[in-house]
Each structure stands twice: as structure tokens, then as C-alpha cells.
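Undergrad: Two chains, two separate frames, one set of hints: put the complex together.
Heads up: the sequence lines are chains R and X, in that order.
Sequence positions in the first sequence follow numbering that gives the first Met the number 0 and run 0 to 386.
Sequence positions in the second sequence follow numbering that gives the first Met the number 0 and run 0 to 296.
Hints were generated in silico from the structure; no laboratory data involved.
All figures in this text were calculated on a predicted structure; none of them were measured in a lab.
Glycine included, every Cβ here is placed at the ideal spot set by N, Cα and C.
Please note that a few of the clues may not be correct.
Unchecked claim - Label pairs and their computed distance ranges (CB to CB):
1. X:E39 to R:N289: 43 to 51 Å
2. X:V191 to R:D354: 22 to 30 Å
3. R:N289 to X:Q94: 15 to 23 Å
4. X:E168 to R:I85: 36 to 44 Å
5. X:Q94 to R:G140: 54 to 62 Å
6. R:M52 to X:E168: 25 to 33 Å
7. R:Y42 to X:Y255: 20 to 28 Å
Said to hold, decoys possible - Capping the alpha-carbon separation at 25 Å, the derived lysine to any residue pairs in SDA-like fashion look like this:
8. X:K213 to R:N216
9. X:K253 to R:I41
10. X:K160 to X:H36
11. X:K130 to X:F26
12. R:K47 to X:C207
13. X:K253 to R:P209
14. R:K117 to X:S219
15. X:K209 to R:S252
16. X:K217 to R:G140
17. R:K46 to R:R208
18. R:K315 to X:K181
19. X:K221 to R:S214
20. X:K157 to X:V145
21. X:K222 to R:S214
22. X:K77 to X:F26
23. R:K351 to R:N318
24. X:K157 to X:L132
25. R:K117 to X:Y245
26. R:K218 to X:H36
27. R:K46 to R:I31
28. R:K322 to X:L203
29. R:K201 to R:F320
30. R:K218 to X:K222
31. X:K160 to X:V42
32. R:K322 to X:K178
33. R:K117 to X:I244
34. X:K209 to X:K220
35. X:K178 to R:F320
36. R:K218 to R:R208
37. R:K326 to X:K222
38. X:K181 to R:G140
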Amino acid sequence: MEQGTGFFNFLTENLSNFWGYTGIATATAGHIAMIFFGLAFIYMAIKKNWEPMLLLPIGFGILVGNIPHLASLKIGIYEEGSVLNILYHGVRNGWYPPLIFLGIGAMTDFSTLISNPKLLLIGAAAQLGIFAAYTTALLVGFDPNQAGAIGIIGGADGPTAIFLSSRLAPDMMGAIAIAAYSYMALVPVIQPPVMKLFTNKKERLIRMRPPRVVSSNEKILFPIVGFLLTAFIVPSGLPLLGMLFFGNLLKESGVTRRLAETARGPIIDICTILIGLTVGASTQATNFLNVRSLGIFGLGAASFVVATMGGVLFVKFFNLFLKEGNKMNPLIGNAGVSAVPDSARVSEEVGKHYDPKNHLLMHAMGPNVAGVIGSAVAAGVLLGFLS
Amino acid sequence: MNKKTKKGFLLLTLTLLSFASYAQTTFDLRINELLSHNTENIVDDYGEHSTWIEIYNPTYGTVDIGGCYVTDDINNPKKYRIPQGDVITKIPSHQYLLIWADSIDYHGPLYTNFKLSADGGYLAIYSNDGKTLIDQVRYSALEANVSYGRKDDGEWGKFEKVTPRLQNEPYALESASEKLGKRDPHGAVISVTAMTVVFSVLILLFLCFKQLAKFHIKTSKKKAAEAQGVDIDKVQYAGEETGDIYAAIALALKLYQDDIHDIEDMVITIEREDKIYSPWNSKVQTLRQTPVIRKNK
Numbered sequence: 000m001e002q003g004t005g006f007f008n009f010l011t012e013n014l015s016n017f018w019g020y021t022g023i024a025t026a027t028a029g030h031i032a033m034i035f036f037g038l039a040f041i042y043m044a045i046k047k048n049w050e051p052m053l054l055l056p057i058g059f060g061i062l063v064g065n066i067p068h069l070a071s072l073k074i075g076i077y078e079e080g081s082v083l084n085i086l087y088h089g090v091r092n093g094w095y096p097p098l099i100f101l102g103i104g105a106m107t108d109f110s111t112l113i114s115n116p117k118l119l120l121i122g123a124a125a126q127l128g129i130f131a132a133y134t135t136a137l138l139v140g141f142d143p144n145q146a147g148a149i150g151i152i153g154g155a156d157g158p159t160a161i162f163l164s165s166r167l168a169p170d171m172m173g174a175i176a177i178a179a180y181s182y183m184a185l186v187p188v189i190q191p192p193v194m195k196l197f198t199n200k201k202e203r204l205i206r207m208r209p210p211r212v213v214s215s216n217e218k219i220l221f222p223i224v225g226f227l228l229t230a231f232i233v234p235s236g237l238p239l240l241g242m243l244f245f246g247n248l249l250k251e252s253g254v255t256r257r258l259a260e261t262a263r264g265p266i267i268d269i270c271t272i273l274i275g276l277t278v279g280a281s282t283q284a285t286n287f288l289n290v291r292s293l294g295i296f297g298l299g300a301a302s303f304v305v306a307t308m309g310g311v312l313f314v315k316f317f318n319l320f321l322k323e324g325n326k327m328n329p330l331i332g333n334a335g336v337s338a339v340p341d342s343a344r345v346s347e348e349v350g351k352h353y354d355p356k357n358h359l360l361m362h363a364m365g366p367n368v369a370g371v372i373g374s375a376v377a378a379g380v381l382l383g384f385l386s
Numbered sequence: 000m001n002k003k004t005k006k007g008f009l010l011l012t013l014t015l016l017s018f019a020s021y022a023q024t025t026f027d028l029r030i031n032e033l034l035s036h037n038t039e040n041i042v043d044d045y046g047e048h049s050t051w052i053e054i055y056n057p058t059y060g061t062v063d064i065g066g067c068y069v070t071d072d073i074n075n076p077k078k079y080r081i082p083q084g085d086v087i088t089k090i091p092s093h094q095y096l097l098i099w100a101d102s103i104d105y106h107g108p109l110y111t112n113f114k115l116s117a118d119g120g121y122l123a124i125y126s127n128d129g130k131t132l133i134d135q136v137r138y139s140a141l142e143a144n145v146s147y148g149r150k151d152d153g154e155w156g157k158f159e160k161v162t163p164r165l166q167n168e169p170y171a172l173e174s175a176s177e178k179l180g181k182r183d184p185h186g187a188v189i190s191v192t193a194m195t196v197v198f199s200v201l202i203l204l205f206l207c208f209k210q211l212a213k214f215h216i217k218t219s220k221k222k223a224a225e226a227q228g229v230d231i232d233k234v235q236y237a238g239e240e241t242g243d244i245y246a247a248i249a250l251a252l253k254l255y256q257d258d259i260h261d262i263e264d265m266v267i268t269i270e271r272e273d274k275i276y277s278p279w280n281s282k283v284q285t286l287r288q289t290p291v292i293r294k295n296k
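Pulled out of the complex, with its shape left as it was, chain X reads as follows (with noise of 0.2 Å):
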């Protein structure tokens, strides 16, 4: 591996490190779902109707959020930190997690120092340098049990039907066939997208292993030049065969194996078999003579 290969190795292994890194961790997190005047919502373990928070999981791994803050003043980025180490803090792959706003922090680790404000705000998750903010969101004044939390579309709106650790708009989500299907009813969109993406795949493997017999058709030559001691032009690939070979042998063993089967055609052929007489096979051969005895007249 020549320097300029192995420098190309190490960027690509840093890059393919660096989207790893990045994904799924706390930056993902998203503010789904808020309810600041609650009287008639669920209540939290301690049987008290708190206001709440959701935050939701949309990458495919388990995020865990203890260690980032969560704040309603904008001026005090680590107003709550949630503690880090226990297992309630992890949040599935595209699962909900409710943080109950009641104001009193001792009650557990989901439980924040503050309340939320039914007559609206403001309120923040931030990573666990307390600078970097994840996801932040601003509410005007909620009637009671009526939560704030983003649509479908992204877009935040108000909710009369509250939906804690559930998807916002459950009974207004389409299937992606039937959006589908309304967008592009006649499937040409996704034919020609779809078509695109298999040829791209494939034609990045192609290009992949273009380069890739190129070089060990180089290397192969190199390592001939370097055996036979001779300028590496002069050296003549060795690895192109002819196919006949290979096709003749394909299709003996093809028509052998056809030929192989368990179904008898109930002809039964009893054949001589021949012995070819040799001193070697001949038993009397490999028997002791018997001594033969002279008496003496």
C-alpha cells in the first residue's frame, strides 16, 4: 500500500467515524409536545396533574439525555440538569419521553425545578455543556388541557386531543402508500426515482471495482516485472483466460448431473465381468506349494 492509498484509507475511515460520531446522539432530540395548564391530563406518579414536556427519539438508536438541561428561562441555559446514569433517562429509537414541569426537582429524575406557564413561554433542552442548544420552542397562553406540539408537517399548532408518548396526529396520519398515491397516482415519480437509486448503487459498485481491478491487475504486473526482472511494460497480464474452458467444464458437469437420477428404468443389466488372469490375483499363486515327498526306494 503506497503512501497516497493508505492517506485515502485514513480520510475515508476518519469521514465514515466522524457521520458515526455524529448520529444518533443527544443533538437529534426534539421538543414534541408540551402542556402547560394541566387540571384534567394524566397525572404524574405522585397523582398530581402536572404540566409536561415530550421529547422524542427520532433516530434509529437509543439516546440517552441524562446530563443536558432543560430550561424555561432563556437567560439560564442550566436551569435543570437531568441526572445522568439512570436507565429512565434513555430514550428508544422513535419512542417519547415525558418530563413532568412541577416544579419540585427531588421528586426524581424526569421531575424539573420548575413549572411551565400556562400563560406561555418559552422553554429549552441543551447538551450537556449546557451551551449547545438542542431544540427550543415558544408558546403563547394554552387553554386548559390543551397541549402545544408540532404537526405532521413540523409546523407547532395547538392540540385539544392530548397525546402524551404518542405521535400528535395519530388519527390524521396517512400511510406513505396512500400519500404516496395521492401525490404521484400514476408512479412515475417513484419509477424514475427508484430506477435512479438502483443504478446509482450500482453503477458506485461498478466504478468501485473498476478501480479496484485496475489495481490488481497492476499490482499483479509488478510483482511479474519484479520476478522476472523486467521493466514492468514488457510483462503480460497472465490472468485473462479463455471462457470456452470454463464454459465446457460448466456444462460437462451440468449435463453429468443431469444425467444422475433416482428414478430406474426398471431394466436391470447383469453384465460378465471379465477377469484378466495374473500370477498376482491368482490364489493358487499365494498358496505354499505343498512339499512334495520322495521316500527313498
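Chain R with its partners taken away, still in its complex shape (with noise of 0.2 Å):
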């Protein structure tokens, strides 16, 4: 008798202590309301198709984050030697936004900005946006490496954005990666009303001269001089760059075909996969819901705002040097965000809806991904004074 009763003391004792470790039984607030956050990720990427590449695995590294358990256990991403911290180091070292800039440079076509170069300001000057959350996250307390770490969501380029704030403000790196993807997603929703905003009715109707055709020599020169010509102003872009233009090179060389189809597949697929898990997985309650991440948001968003509004603004400054015949439709603009092809995607469809005949995704392409030239030349240069 006294031996079964023993027995059920310490089963029970054992079951005990099992719920202790149990999620449920150290779950807070703070992860139910992430894990929801996560389950919204997964939600806009499955039904609304919003950058489903990203949002998925991010929305399911949230949920992976946001199970709590003991730190003893040596599972969680901010435990050294456990798997999560290991995949996460290419994040936190910066190993993985170089990787899917080879991939992005291997899959981008450039010839509508070597036919029509002028398309290129464009993404200089849609780059305002990054150096106007910079100022104004100064303004509201933040230190300037973070500053600059914030600044960059307003480039609307995720591996960029993650690989600044890796190395300015890692502690906010999460937050800031999961604000520039969800902006990126967001892009049909932000940028149509500032567009129609700083446009008029007339200038919507602009239509552009046709691209030329780009010959295949130009094709390849283009990531060779881009390179020289941007590295060597703004070496400490050299990881984005080198790779940006690499893979562009493998693209249009012709003659390495399979290094570029592994550079914008495999690669970029792997990279893009263990970026989105261990970046959505870095927030976890405990770091991430706080005030400084809702700062964080607020900031992206409006840099958002302001890249667009740049772009869009700056096409119409450019439009009065241009003759007639030769004007750019200013819903490009807005396409000098980087966020590939989804902004050039905007453009076309805003452009579509007052003129269905006014096909303007090939011009906005040239700014798109200047922007993504732009964002890289950007980041190397607040790289390099904040560093």
C-alpha cells in the first residue's frame, strides 16, 4: 500500500515537473499575442498573396520563436550551439543578404535602364526616404547607428535592411526586418494614394517612348562598370555590390548558364528560407514587443511615405528639363524603391486605371532596380560614417 502510494507521489511529482517545462505553462501574454502576429504573416501571405516568399517563413519563424521553453534546454535562437543559433548566425554575421544579392542580380534584367540610364535618378532620389526616417528616428531619441539601422527599411529592401542592421544595431534587427518586409508586402497599399497624391491627371497620361533594344555587349558591360564605378566610391557596399553585379554578370556573360540558374534558385531559395525562419524566429516576445519596435514601425512606415513621394516628386522635377515626346510618367517614380518587381507592379496598374492602354511596368522596371543599386550605395555610405 504505502509502496503504490510512493510510486504515485513521485508519478504525479513527475508530471509536475513536465508541466513546468511544458509552453503552455511558461507561455505569457507577450507570445500569445507574437504567435498571432505570425499566424496574421502567414494569413496575408497564403490568402492575400502579399510577398508570400517572405512572409511565410517569417510568419512561421514567429511561431517557432514564440514557444516558450527553458533556456536550459539549448533550443532557442539566442542559445549558443543550438540549431536555430547556428542558422542564425548568417543573419547576425550578414553571410545571408550578400548570397541573395548574387541570386537578385542573376534573376534581374537591366536592360531597361541601359536603354534609358536617366531611369537611374530615380533611384537615387527615391533613396530620401532612408535619410529622412534618419533624421526624424534622431529627432525621437534614437542613437545614430540605430538611426541609420531604421533609415534603411525605407530603402524597401529586406536583405539590405537586415544586413545594416546587422551590423548597426543587431539587437534590432528583428524588428527591423520584420517592418521592411511587411512594408515591402505592403506596397500596393502605401504607395497608390501617395502617387495619385503628387500627381495630376495630366501627367498620369504621360506616355514614355518605347525602350530600345539593348545590345548583348552592353548587357555584360553593365555589371562590370556598375561595380568598378560604385565600389570603388562606396567600398563599404563592396558585400551587396560585388554580389548584385556578380550575379548579373553570370546572367548575361551567356556562358555560364548554370552558375546563374544555382544562383537564382538554390541559392537564393535556401538563403531566402533560413533568412525568413530565423529572422521571424529573433522575435520573441521578450525582445520584441516594446515600444521602441511600435518607434520602429512608425519610422519605416513614413520612410516608406517619403521614397515614394521622392521618386514621384523627382520625376516631375526632372520632367521640365525633358523636350516633349521625351517626359517619363511620374507614376514611375515610386518604383525607385527598390522592393523588386512589386513597386514597378504599382506602377503599372495605377498608370492602367487612367489610361488601360498606358503600359508603364517596362519603364518602371529601370527604376526599380536602380533602387536596389540605390539602397546598397546607401547602406554602404551609412555603413561607412556610423561603423
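TA: Spelled out as C-alpha cells, the structure:
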């Protein structure tokens, strides 16, 4: 009888101990809130089709990162030596973003940009959002390096935002990455009102000259010359610019088709999965749910609006110097934020709304890819000044 | 490629090469710190409190100081030649090298044949020709275990906290971000500077590819003129095609891809397969006819 009671006590004690290990016993309201946040990301990815490649891994990553557990189990992303921690090294040390840039380079066609090089300047103007967010972040009390990391959200380039924040403000990287990718997904919602606000009907109907056919020599020269010019001036942007242009050379050279396919296929896919999952998992409620994150989200949204405005207004300004027939449609200005190719699609959709026969997609791809170069250069400049 | 272009290309290459050859050479090396009176500071490989000289490599590449000269005599630049071909004379990027001045040169490549004078003196490093000065410093008498070195702002000064093989003012250093925060609290200067840099880079690319496009169009016209046997001015550049076609193709592809999905709508549609009769797909037609056996009655 006594033996039976002892066994029962032992069993109860074990079950009680086990209950203490479970996520149910250790969950906080923060964890539950973050899980809902992750589910919202998954919903947006599957049902709304907003940046599913990114929002789905990030959303699931948020679920993974917010299952409460004891630190002694060594399974969390911040526990040294755990599987997630090892995968997270690629984010923390900035390995994945350059590899993603390699893939982006290998899948990007710079033809529109080469055929109409003045579109490059729109990519520069749209970086205004970065610096508007930087100065505002300083005003509200962020340190310069944190402000730089927040500002880069305005570049609308997830890998660049992760790369820069991992160097300047690693503790804020999760919030910055989430903000950057969320706003990239929300480009079709954020940009059209700004585009309509700063343009009139006449400007929206401008038809642009069709791009000329670009020779293969020009396409091969572009990554080489582009890399040398940008990297010599901003060496701190070397990891991103080098990989972007290298990837593009693999594509355009015509002799490394297998390498280009690997770069734009398996490499970018693997890195996207790993970056999405680990960035999501890094947003643990204890690190993520605070006023600072709210500030990051607010500044990120503002920087997107300013970046869009910068691009649109710059096209209008540039049009003052262009002859009739050569003028650009200001609706392609929004595409200067990199968010490839979503912001170019927004140009097409908004343009089509006013003139169904005016296709702006091809023209908008120019500033769109110029935005990728511009945001990488801006990140290099910030890194050079602040690190 | 015409002569003018060839010359331009050659000039550009030579200019870049000259930049490359100048970069990361011994001329960038700097005397960073020296200790002329060592009684309690670090000891050399022989356990002696020798005087020492610290050299800093500020470049982005490894620099070999082997073959250069170190001297404490302004009239004798070739007083001590650092032997060449030894791995220990190579200074990695942004790293420091300590040379012991113990007056016993056979102790090794990094031991000079003179000692630094505790009463003050002169110290210089010369390139491997023994004539070109790389860096020099004059120092006054120093107390024991007090070094003389470059401060963060580049000026020379005394250091009670001696820092061999390290930055001279690590404790006083602020991060770049902190410095910038003080000098540009509202971020206006950095914003203007950074935007200028971003614009400059993309303007350079714009100019470069504008010229390249002109060159390409000119070459294409020239080729077309040659092929058609007409004057170049009469040739119309054939590179401009309507973007509507591309846009339509792109949109069609987009719409097609959007339709592809792996979530089925749970409705199975079975359609009747229509087979159009043709003697070519008729089995009967492909079989050999069974011979009819006729019996003669």
C-alpha cells in the first residue's frame, strides 16, 4: 500500500515537473500576441498573396521563436550552439543578404535601365526616405547607428535592411527586418495614394518612349562598369554591390548559364528560407514587444511614404528639363524604392487605371532595379559613416 | 575600336594601375609609438626590458617592412636594414609590429643595432632604397615606462598607459556613431552627404551608359550603312521597338502564372474524350485481313 502511494507521488511529481517544462505553463500574453502576429503574416502570405516567399517563412519563424521554453534546453535562437542559433549566424554576421543579392543579380534584367540610363536617377531620389527616417529617428531619441539601421527600411530592400542592421544595431534587427518585409508586402497599399496625391491627371497619362533594344555587349558591360564605379566610390557597400553585379554578370555573360541558374534558384531559395525563418524566430516576445519596436514600425512606414514621394516628385522635376515626347510618367517614380518587382507592378496598375493602353511596367522596372543599386550604395554610405 | 578610343582605354588602364601600385605599399607605414626608457614594461624574446618602436599599417592590405631601414641618426638613414624574406616582417592590415631597439642586431630581424636614447632623439624609417623617407619623429626625454606616440587626432604625445601592439588611446576612443552623434545631432550633414554620394554614384553610371548607348547606336548604324551600302545619315536605327508588345507579354505571363496553383477546388470535372475517326488510328485498318478461304466446289 505504502509502495503504491510512493509510486503515485513520484508519478505526480514527474508529471508536475513535465508540466513546468511545457510551453503552456510558461507562456505569457506577449508570446500569445506574437503567435497571433505570426499567424497574421501566414494569412497575408497565403490568402492575400502579399510577398508570400518572405511573409510565410517569417510568419512561421515567429511561431517557432515564440514557443516558450526553458533556456537550459539550449534550443532557442539566442542559446549558443542550438540549431537555430547556428542558422541565425548567417543573419547576425550578414552572410545571407549578399548571397540573396547574388541571386537577385542573376535574375535581374537591367535592359530597361541600360536603354534609358536617366531612370537611374529616380533610384537615387527614392533613397530620400532613408535619410528622412534617419533624421526623424535621431529627433525621437534613437542613437545614430540605430537611426541608420531604421532609416534603411526606407530603401525597401529586405536583405539590405538585414545586412545594415546586423552591423549597426543587431539588437533591433528582428523588428527592422519585420518592418521592412511587412511594408514591402504592403507596397500596393501604401504607394498608390501617395502617387495620386503628388500627380495630376495630365501627368498620369504621359506615354513614354518605348525602350530601345539593348545589345548583349552592353548587358555584359553593365555589371562590370557598374561594380567598378560604385564599389570604388563606396567600398563599404562591397558585399552587396559585388554580389549583385557578379550575379548579373553570370546571367548576362551567356557562358555560365548553370551558375546563374544555381544563383537565382537553389542559392536564393535556401537563403530566403533560412533568413525568413531565423529572422521570424528572432522576434521573441521578450525582445520584440516594446515601445521601441512600435517606433521602428512608425518610422518605417513614414520612410516608405517619403521614398515614394521623393521618386514621384523627382520625375516631375526632371520632366521640366525634358523635351515633349521624351518626358517620363511620374507614376514610375514610386518604383525607385527597390521592392522588386512589386513597386513596378504598382506603377503599371495605377497607370492602367487612368489609361488602359499605357503600359508602364517596362519603364518602371528601370528605376526599380536602380533602387536596388541605390539602396545598396546608401547602406554602404551609412555603414562607412556609422560603423 | 578607333585610335582615340584605344588611347583613352590605355590611359585609363595605366591610371588605374598606377593607383593600384601606389596603394598598400611601405610608404603608408607609420611610426605609431616608441618607448625609449623601459624598466618595467614588456620584455623582448630574451627577457630583457629593451626599448621598442611600434609600426602601424593603416592600409587595407598586408605590407612587408622587410628591406626598409630604421635609424636613430638623421645623417645615416641606412643604419639598420630590416632583413627581407622573413614572414615576421609582414604587417597585416590595420595591425601593429614591434621592433626591439636593443643594439644587438643578431637577436633577429626585428632587433635593431641601436637603442633608443632615454634623453630624447630622432627616429625614422626609410624605404628599401635608403633614401626615401617613410616616417620620422623627434622625441624629448621621457620618464621611465612612459611612451611617446600618436594620439587619436594624429598629434604626438606622451602616454603613461603604454600600449604595445595596440591602439594608443583605446580607452579614449569613441565609436564613429558616438562621434557623429555629437558633431551632427540632427543628421542633416550626413543626410546631405549621403544623398550626394548616392546621386553622384548613379549620375556617374548614367553618364557612362549614356555614352555607351551613343557608341552602340553609332556602331549599329555604321554596320547597317555598310550592309545596305548607303550613307550613315540615311540609316534609321532599328533598335527602338514598341514596349506595348513586351508589356503585353509580361502581363500575359503574369496572369498565366497567377492562375497556376496547387490548391484544388475539390471539383472533379470529367470530360468525354472525343475520338475523331480516322483510318490511320483505326486498329482494324492496321490488322492484316484474314484471308478468305474459298473452297472450290
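Undergrad: Run every hint past the structure and note whether it holds.
TA: Now the hints, each set against the structure:
| no. | hint | result |
| --- | --- | --- |
| 1 | X:E39 to R:N289: 43 to 51 Å | holds, 50 Å |
| 2 | X:V191 to R:D354: 22 to 30 Å | violated, 38 Å |
| 3 | R:N289 to X:Q94: 15 to 23 Å | violated, 40 Å |
| 4 | X:E168 to R:I85: 36 to 44 Å | holds, 37 Å |
| 5 | X:Q94 to R:G140: 54 to 62 Å | violated, 38 Å |
| 6 | R:M52 to X:E168: 25 to 33 Å | violated, 48 Å |
| 7 | R:Y42 to X:Y255: 20 to 28 Å | holds, 26 Å |
| 8 | X:K213 to R:N216 | holds, 13 Å |
| 9 | X:K253 to R:I41 | holds, 23 Å |
| 10 | X:K160 to X:H36 | holds, 14 Å |
| 11 | X:K130 to X:F26 | holds, 12 Å |
| 12 | R:K47 to X:C207 | violated, 42 Å |
| 13 | X:K253 to R:P209 | holds, 20 Å |
| 14 | R:K117 to X:S219 | holds, 21 Å |
| 15 | X:K209 to R:S252 | holds, 21 Å |
| 16 | X:K217 to R:G140 | violated, 56 Å |
| 17 | R:K46 to R:R208 | violated, 37 Å |
| 18 | R:K315 to X:K181 | violated, 37 Å |
| 19 | X:K221 to R:S214 | holds, 15 Å |
| 20 | X:K157 to X:V145 | holds, 7 Å |
| 21 | X:K222 to R:S214 | holds, 14 Å |
| 22 | X:K77 to X:F26 | holds, 16 Å |
| 23 | R:K351 to R:N318 | holds, 21 Å |
| 24 | X:K157 to X:L132 | holds, 24 Å |
| 25 | R:K117 to X:Y245 | holds, 20 Å |
| 26 | R:K218 to X:H36 | violated, 64 Å |
| 27 | R:K46 to R:I31 | holds, 22 Å |
| 28 | R:K322 to X:L203 | holds, 22 Å |
| 29 | R:K201 to R:F320 | holds, 17 Å |
| 30 | R:K218 to X:K222 | holds, 20 Å |
| 31 | X:K160 to X:V42 | holds, 16 Å |
| 32 | R:K322 to X:K178 | violated, 47 Å |
| 33 | R:K117 to X:I244 | holds, 22 Å |
| 34 | X:K209 to X:K220 | holds, 17 Å |
| 35 | X:K178 to R:F320 | violated, 41 Å |
| 36 | R:K218 to R:R208 | holds, 20 Å |
| 37 | R:K326 to X:K222 | violated, 30 Å |
| 38 | X:K181 to R:G140 | holds, 13 Å |
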